[in-house]
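Enquirer: Given only the sequences and the hints, what does the whole structure look like? Please build it.
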Amino acid sequence: MNLGVQILEAENNINEYGAVKIADDVVAIIAEIAAKEVKGIVGMSGGIADSITEMLGKKSPSKGVKVEVGEEETAIDLYVIVEYGVRIPDVAWQVQENVKKAVETMTGLKVVEVNIHIQGVNLEKENKQEDATSRYK
1 MNLGVQILEA ENNINEYGAV KIADDVVAII AEIAAKEVKG IVGMSGGIAD SITEMLGKKS
61 PSKGVKVEVG EEETAIDLYV IVEYGVRIPD VAWQVQENVK KAVETMTGLK VVEVNIHIQG
121 VNLEKENKQE DATSRYK
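Residue numbering for the sequence shown is 1 to 137, as defined by the working numbering.
Calculated directly from the structure, the hints in this document are not laboratory data.
All of these numbers come straight from a predicted model, not from anything done at the bench.
Don't take every hint at face value.
Simulated pairs of lysine to aspartate or glutamate, EDC-like, Cα-Cα distance not exceeding 16 Å [to be verified]:
| id | residue 1 | residue 2 |
| --- | --- | --- |
| 1 | Lys39 | Glu83 |
| 2 | Lys110 | Glu71 |
| 3 | Lys100 | Asp77 |
| 4 | Lys100 | Glu72 |
Listed next, with one range per pair, are the computed distances between beta-carbon atoms [said to hold, decoys possible]:
| id | residue 1 | residue 2 | range |
| --- | --- | --- | --- |
| 5 | Val20 | Tyr84 | 40 to 48 Å |
| 6 | His117 | Val20 | 28 to 36 Å |
| 7 | Lys39 | Lys110 | 20 to 28 Å |
| 8 | Trp93 | Ile33 | 14 to 22 Å |
| 9 | Ala23 | Tyr84 | 34 to 42 Å |
| 10 | Gly18 | Ile88 | 41 to 49 Å |
| 11 | Ala19 | Trp93 | 28 to 36 Å |
| 12 | Ile14 | Arg87 | 40 to 48 Å |
Every residue, glycine too, gets a C-beta built ideally from N, C-alpha and C.
Expert: Structure follows, in structure tokens:
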């Protein structure tokens with residue numbers, strides 16, 4: 001049982017040879033990769049469901065992504081961590097655009113929603129700058 005991704009499959013592209021089924025995990029992995037390509041995204045945050053899955057010794061194939069796939073459409077929720085100093089609305093918009101394009105191009109599904117949930121800000125660069133300027137080493 002994968003708590004991070006609902007297990008549903010899309011039956012699209014039916015032809016005389018049969019149907020092509022695209023699993024939710026496939027859409028989720030594409031969305032995760034496309035989101036991480038955007039400058040300003042540090043990583044994904046899986047939340048409690050992914051934490052429980054990891055405690056049970058299982059690895060979620062797409063941490064921080066939840067998808068619902070219908071026959072021809074999909075809706076995607078992304079839980080992201082952004083880099084300190086970026087303009088969050090601009091980064092979120094770029095993630096939405098990149099994910100929509102990647103999923104539609106690779107799967108043929110129409111993306112009806114890409115919801116971005118900002119789960120945290122990575123302060124690593126800020127902390128390194130403070131360490132470098134500190135009087136005490």
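Enquirer: Name the hints, by number, that the structure is in violation of.
Expert: No numbers; nothing is violated.
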